[in-house]
Amino acid sequence: MNKELLLTELTFKATRSSGPGGQHANKTSSRVELSWAMYESAAVTEVELELLKEKLSHRLTKEGVLLLASQTSRSQHKNKENVIKRLFALLEVAVQRPKIRIKKRPSKMAKLKRLNAKKVQSEKKVNRRKPSY
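Numbering (my numbering), first residue to last: 53 to 185.
Hints in this document: simulated from the structure, not taken from any laboratory.
Hints are supplied without guarantee of correctness; some may be wrong.
Unchecked claim - The calculated BS3-like cross-link candidates involving lysine-lysine, where the alpha carbons are at most 30 Å apart (straight line), are: (1) LYS55 - LYS107; (2) LYS177 - LYS163; (3) LYS182 - LYS171; (4) LYS165 - LYS151; (5) LYS107 - LYS79; (6) LYS105 - LYS132.
As the list claims (entries may be wrong) - The following label-pair restraints were derived from C-beta to C-beta distances: (7) LYS165 - LEU142: 34 to 42 Å; (8) GLU133 - ARG180: 52 to 60 Å; (9) ARG180 - VAL99: 55 to 63 Å; (10) VAL99 - ILE154: 17 to 25 Å; (11) GLU102 - LYS79: 42 to 50 Å; (12) GLY74 - THR97: 42 to 50 Å; (13) THR63 - THR97: 48 to 56 Å; (14) LYS156 - HIS76: 28 to 36 Å; (15) LYS137 - ARG180: 34 to 42 Å; (16) ARG149 - ALA169: 30 to 38 Å; (17) VAL99 - ARG157: 50 to 58 Å; (18) THR80 - ILE152: 46 to 54 Å; (19) ARG153 - LYS79: 49 to 57 Å.
Glycine included, C-beta positions come from ideal geometry on N, C-alpha and C.
With the hints as extra help, turn the sequences into a complete structure.
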């Protein structure tokens, strides 16, 4: 994934932030919305694009645009940095391939430990019962 090329493909839009803030929130556009057209991107390879389609399908619009927004800070620049960091973190996680699980049998010691734990638990339960004379 080419991050420099990806940064040139991003489009940003500044809007007014919601929530409390008084006069400052009413007159400044500090909320930053990021949009990225994933299907038209040249920054990702075909393999990465398939993984992104699979993992981020619930976050995409019908046109294949990924939308993220940040309004945590009063500063538009900090919100822009924050939303870019979130995008890269999201893409890093989505591009990682899952590890292939190798099936293994439990070892003899693991079986013995499990059976011993079951015996101890059973004895606990038996000792809680009323004694029969």
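Legend entry - Violating hint indices (sorted, rising): 5, 13, 14, 15 and 17
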